[in-house]
Each structure stands twice: as structure tokens, then as C-alpha cells.
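Read off the chains here:
4 protein chains.
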Amino acid sequence: MTDLTYVERAARVKLMIFDVDGVLTDGSLHYGAEGEALKTFNVHDGLGIKLLQESGVQTAIISARTSPQVIKRAADLGIVHLHQGGHDKLTPFKALLEKTGLTADQVGFIGDDVVDLPILTRVGFAVAVPNGRAEVLERAHHTTVAAGGRGAVREVCELLLHAQGTYERVMAQFLV
Amino acid sequence: MTDLTYVERAARVKLMIFDVDGVLTDGSLHYGAEGEALKTFNVHDGLGIKLLQESGVQTAIISARTSPQVIKRAADLGIVHLHQGGHDKLTPFKALLEKTGLTADQVGFIGDDVVDLPILTRVGFAVAVPNGRAEVLERAHHTTVAAGGRGAVREVCELLLHAQGTYERVMAQFLV
Amino acid sequence: MTDLTYVERAARVKLMIFDVDGVLTDGSLHYGAEGEALKTFNVHDGLGIKLLQESGVQTAIISARTSPQVIKRAADLGIVHLHQGGHDKLTPFKALLEKTGLTADQVGFIGDDVVDLPILTRVGFAVAVPNGRAEVLERAHHTTVAAGGRGAVREVCELLLHAQGTYERVMAQFLV
Amino acid sequence: MTDLTYVERAARVKLMIFDVDGVLTDGSLHYGAEGEALKTFNVHDGLGIKLLQESGVQTAIISARTSPQVIKRAADLGIVHLHQGGHDKLTPFKALLEKTGLTADQVGFIGDDVVDLPILTRVGFAVAVPNGRAEVLERAHHTTVAAGGRGAVREVCELLLHAQGTYERVMAQFLV
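Protein chains in written order, with the working numbering: chain A, 13 to 188; chain B, 13 to 188; chain C, 13 to 188; chain D, 13 to 188.
Because the hints were derived from the structure by calculation, they are not lab data.
From a predicted model like this one, the values you see are computed outputs, not experimental measurements.
There's no promise every hint is true.
[Claimed, not checked] The list that follows gives simulated cross-link-like pairs (lysine to aspartate or glutamate, EDC-like), each with its CA atoms no further than 16 Å apart:
id	chain 1	residue 1	chain 2	residue 2
1	D	Lys-106	D	Asp-117
2	B	Lys-62	B	Asp-88
3	C	Lys-62	C	Glu-167
4	D	Lys-84	A	Glu-110
5	B	Lys-62	B	Glu-167
6	B	Lys-84	C	Asp-100
7	D	Lys-62	A	Asp-100
8	C	Lys-84	D	Asp-117
9	A	Lys-84	B	Glu-46
10	B	Lys-62	C	Asp-100
11	B	Lys-26	B	Asp-88
12	A	Lys-62	B	Asp-100
13	C	Lys-106	C	Asp-117
14	B	Lys-62	B	Glu-147
15	A	Lys-62	A	Asp-88
16	C	Lys-62	D	Asp-100
17	A	Lys-26	A	Glu-110
18	A	Lys-26	A	Glu-66
19	B	Lys-26	B	Glu-110
[Claimed, not checked] Quick list of the computed label-pair ranges, beta carbon to beta carbon:
id	chain 1	residue 1	chain 2	residue 2	range
20	D	Ala-107	B	His-99	28 to 38 Å
21	D	Ala-45	C	Thr-103	22 to 32 Å
22	A	Glu-180	B	Gly-98	21 to 31 Å
23	B	Asp-15	C	Ala-87	20 to 30 Å
24	D	Leu-114	A	Thr-133	49 to 59 Å
No residue lacks a Cβ here, since even glycine has one placed at the ideal position from N, Cα and C.
Okay, chain A solo, but in the shape it has when bound (with noise of 0.2 Å):
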């Protein structure tokens, strides 16, 4: 796999994980007394992964942080494959390979911060966010243009749609 392109490898993905905070959102944390109170994500966003569903390519969270903000957002998005809690992200991550049967090969990932180099070292497709810290982006087969938070979601799932082919099929619907 180490002389693959980054659009190969985004050719091959079947299934997309993303990582919450930093990635989904800008790494906010909007606290009440109580803990997190909001998570703010982006619009753009939600569309993307949406277009990116009907495509055919599976889509899942893995996130270090627990909140029902995410559980709700993920229900609102039809993202099936959902883990929260633990700075091991490893232990879901293989539960998910064996869940869907697929091989890391076929998984995409996106991610900002070192509890994500467990997963990022170990997927066929991985992408780093340039609000990340170095030593994600050091590892990541591709960086987005787009900040977390600010659009980093939809760009790598409209980067999934031009390298499956599947971007024409799926706009078509907008261009009536």
C-alpha cells in the first residue's frame, strides 16, 4: 500500500470514521455547569456525509469524549456506527473491522490529535485536519484545506465521491 496516491487510497474506502472534536467541530468545548452543554457543528458538514451515505460508503464515529450532543447528531446524520468514551480508540476501532468485515484497508479516517494515532497509523486512507497537532499531520496520508469544524468533513467526502466516481451520480439530484 506505501506507493498508493492519497486518491487511490480514498478509492478504496468502504467505510468512513470520524473523529468528533477538532474534526466535527473546532475543538470547542462549551461547558454549563454541569459539562458540555452545546457542541457546535457545521452544516456543510452534515450534507456531506449525507451525499456520501447515498454513494454507497459506510459511515461511523469513534470519539475519545462522551456526550449526548454527539449521540444526537449522529442520529440526525444516520451514522449507525457509533463509540464514545476512552482515550483507547484501538479497542472500538477492531471491534468495528469485525463488525462490518471489512480489512483496515478499506477504512478512512480523520482525526486532530495523538489519542487518534492508534487508528491513523493503521488505516488504508488517513486524513489529518490542519487545526491537528504536528504529530497527526506527520502521520496522515492527507491533509484538508478546511479547518474542523469549518468544513474538513465535507471536503473529505466530496475527496471520497471524485475518487469513487460517484460525485456526478449523487449531485445530480441538486441539478434539476
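Fit chains B, C and D to the known structure of chain A by using the hints.
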């Protein structure tokens, strides 16, 4: 219509339709455990919409997402034409033409994402925000300088006032 | 008064009036289902207002919007002159002059939008924020470097302290 | 101590004290009708503080404002030394030295405003954020690249880890 400048197009607008997420907001979705808990609008946009109404132009909102925050904001701004819900924006657009008795040439629209294309490609004056998707910017007659949620709507309202020669009249109240 | 520099104008100020949206905030309106649920102020601005008060300058807020968040913020900062509600800002401005026994020359004001012009064009020291509308910046004696909600108010408070020669005195408490 | 580089100063730190507003946040104060309803922290900062603790450095918060959100955030991050309330930061600082049995030379502090100067001018390693006031930046031994609420605290935590030679050890857990 194809040879008109965007200012000539703006001069004909009798009804201006605003998209919400990414246009009246910066695209952030603030989730609580039950879904969207807050929506962040812009104070300058609000005054722009009021001034546009004072000049005689009708205003409307068509949004793919449903949120009680938009209902309240529309009420505060006196926007009577409000349609929320569903990625099909063409049906409410056609219903709005029928309700107002206007032709598409007399309608302006400002949007940011591909779900907006069915309206954007039909109206007489199609505006994009700079934070919009490339597919939208390519098809708009004009793109604002200010981003969504950061004054894009105020800018388009003032553009309409200038194009229609009503700017001086509505501003006079503040030059006392 | 027309030949005075803005520093000379600042030196005469006995009462400083702050606009809220776009000045004490960045212009964001965070709506819940019942209207504005939150207002985002800036911690540096708060300390600036307190230091200005310690120097002997009176402080006031005149805002076109009504919100309980502003009442609470004004109370926390010890701002006793608070007027909220209505696009007519001239009436509360005149009432404030009468209440304090000051002339307009002894008053400073910082604003951002056209509803502020009736006050801005009357005071001895008129300040705009860089995120303000062009009509406001053109008529102000001075424009801050920092934007509204990002330290503009702290900047104008320190400008007054320097112009009035009270900066060293109020800062002394922190140089222990 | 006056000839030490900031890295040599960082190497001696046994206790790191964090200011809250403008350092662990970007200085925004989100007010509801009852006062601060939310405080916005940063996910990268949180992991930085945890890694610093794992390396053996103690952590503390001293803040001029009192908020339940900070109590919750400190609890989530395992910060046991927490003092909130009052512009006098010198008294809790001295109490903290007594409680921990450390000298000021063994303490680091990161702050942003003039109320922080009494601590900042006494500690062995004084850090400012770039969004801090000029009076603070002038007196600090070091200023972070990242702004408050945008990774300044993560940056200073990693600086301490590198200066103390513990970075590789705490990072090893993620390179599995």
C-alpha cells in the same frame, strides 16, 4: 435576461428569499442533547432586512432544516413568508411564486449549498456567499464580500436598496 | 470643537456611552426558541470599564435591542445608566444628558450601525468599531483597532485613561 | 534567575498555574439572564493538561471570576488546586505556595491581563498569550504562538514536557 448586469438584476427584485444555515448564520449548528438549541444570527443582517422591507421589497426564508429559533427570528424581523424542512426547496419556491403572484425574474435569492441550486438557477437575481460551495458560486450572478452570519445579508440588502434607488430614502431616518 | 484631535476630545469625556451589539459583542445574536438566549461579551472589556469607572468617568449603555443578558452584564460591571429598546436612541441620549447635567461635548460614544448616528453625530468624542458600517466609520472621530466583542471597548477605555492622564494611577494596583 | 532562558525556566517547573478567561478560553463571556451560562474551553488544552499531570507536574487554576463551569472543567481534568474569585490573585498564589511547599521559582503561570501581573512577576516561568494585554506580554518570559482558547495551554504543556525531557515518555502510549 442573460445579458443583464447583477445590478440590473437587483433592480428588478420585488421579493428577496434568504437561506438560513451558512447565509443568515455562519453554518454552525449548536446542538444540545435534543438537537439544535441555539442558532447564531447577526445584528447587522437584521437591520438590513428591516430596511429592505421599509423600501417595499418583500422578504422570505426557505430553509432545508426546521428549527424553532428560525421561527422566532423570522417573527422578530417581520418575515411572513417562512418555509422550513426538506431538501426539496423547489416546491416551496413554486408555491411562493403562486402566493405572491410574482415571476421568477422578480425574485432574488441568496444561498450557499447545493440544495439551494434548484432555486438559485431559476431566480432573476441569484447571490452566493463566499463561504458557499463552489457549485453555488459558479452559478450565482453575484457573490457577497461578507460571509454568511458576518453581514452577507446586510450587504445584499444594501445592494438592492442602491440598485433600486431607495437607499437614501430609508437612511434618512438616521440622519436626524 | 471641530479642530480638536481625537485625543483632545477623549480628554474631555466625563461620561462614556457604549452600544451593545457589535460593540460589547461581535454582533452575534444567539437565538433559542424564545429569542436571544445568550449574549457573548468580552472579559477584557469588562476590566476596562471597571478601570474607567475607578478613574472617575461615568459609564452608560444605550442599546436598540432589549435583553436580560445586558441587564445582568451591566449590573456585574456597575453600569447604572442603562437604556434598552427602540431604534430611537436620541430620546434616551437627551434624557441621559439631563440626568447627568453634562453637555454633549463631555460625552463619548462608541457604536457600529446607522441607528447609532443620531448619538454619534452629537457627542464630543465619537468612536466607531472597525466592524461597523461605513456610514458610522465616516462620521466618527476615531475608529478602534480591535473589533467589537474582541477588545474594542477595552481599547477605548485605555485611550480615555491615557488622554486624561489617569492610566498610571489605576494601573498601580496591579504593579504590587 | 535573571540570566536563564525560558526553556531553562520551564525545566524547573513543578507546578503550573493557569488563568481561565483569555487563556483557557478566548475571553468570551457567554451571558444568560442569570450571568455566565457557558464557558468555552478547548479540547486540545485538556489533553495537554492531562499529559502534563502524567509527567509529574502539578496543575492549578487561579481565576478572578467565579463560575460553576470552571469547577466542572477542573474536576474533569483532575485539577485539584482551584481558586476562583476576586481581583486579588496574590493571596491565593501565596497560599498555594504554602500548601505545596514549593518556592516561586518552581512555579509556572500563564495569564493574559493586568490582574495577573502580581503572580506573573513572581513566578519562575511566566507565560503570556498573544491575545493578552501589552502590560502582560512585556513582563512575561515567553509568549505562546497559539491564542487563549485556541491551544495556548496545550502549547505551554508541551513546552514543559520537552524542556523537562518527559515528552517521549508520555507520548509513547499513543504510538502503539
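Checked hints:
1. D:Lys-106 x D:Asp-117: holds (13 Å)
2. B:Lys-62 x B:Asp-88: Since the Cα atoms of Lys-62 (chain B) and Asp-88 (chain B) sit roughly 10 Å apart, the hinted pair holds (cutoff 16 Å).
3. C:Lys-62 x C:Glu-167: The hint holds at about 13 Å.
4. D:Lys-84 x A:Glu-110: violated (37 Å)
5. B:Lys-62 x B:Glu-167: holds (13 Å)
6. B:Lys-84 x C:Asp-100: violated (23 Å)
7. D:Lys-62 x A:Asp-100: Satisfied, since the Cα-Cα distance of roughly 15 Å is no more than 16 Å.
8. C:Lys-84 x D:Asp-117: violated (40 Å)
9. A:Lys-84 x B:Glu-46: Measuring from Cα to Cα gives roughly 7 Å; hence the hint holds.
10. B:Lys-62 x C:Asp-100: holds (15 Å)
11. B:Lys-26 x B:Asp-88: Distance ~21 Å between Lys-26 (chain B) and Asp-88 (chain B) Cα, so the pair is violated.
12. A:Lys-62 x B:Asp-100: holds (15 Å)
13. C:Lys-106 x C:Asp-117: Holds, at about 13 Å.
14. B:Lys-62 x B:Glu-147: violated (30 Å)
15. A:Lys-62 x A:Asp-88: Since the Cα atoms of Lys-62 (chain A) and Asp-88 (chain A) sit roughly 10 Å apart, the hinted pair holds (cutoff 16 Å).
16. C:Lys-62 x D:Asp-100: Judged against 16 Å, a Cα distance of about 15 Å means the pair holds.
17. A:Lys-26 x A:Glu-110: With Cα atoms ~14 Å apart, Lys-26 (chain A) and Glu-110 (chain A) stay inside 16 Å; holds.
18. A:Lys-26 x A:Glu-66: holds (12 Å)
19. B:Lys-26 x B:Glu-110: holds (14 Å)
20. D:Ala-107 x B:His-99: 28 to 38 Å: At roughly 59 Å between Cβ atoms, His-99 (chain B) and Ala-107 (chain D) fall outside 28 to 38 Å, so the hint is violated.
21. D:Ala-45 x C:Thr-103: 22 to 32 Å: Given a distance of about 26 Å, which is inside 22 to 32 Å, the answer is holds.
22. A:Glu-180 x B:Gly-98: 21 to 31 Å: Holds, since Glu-180 (chain A) and Gly-98 (chain B) (Cβ atoms, about 23 Å apart) stay within the stated range.
23. B:Asp-15 x C:Ala-87: 20 to 30 Å: violated (60 Å)
24. D:Leu-114 x A:Thr-133: 49 to 59 Å: Since Leu-114 (chain D) and Thr-133 (chain A) have Cβ atoms about 39 Å apart, the given range 49 to 59 Å is violated.
Going down the numbered hints, you'll see the structure goes against 4, 6, 8, 11, 14, 20, 23 and 24, while the others check out.
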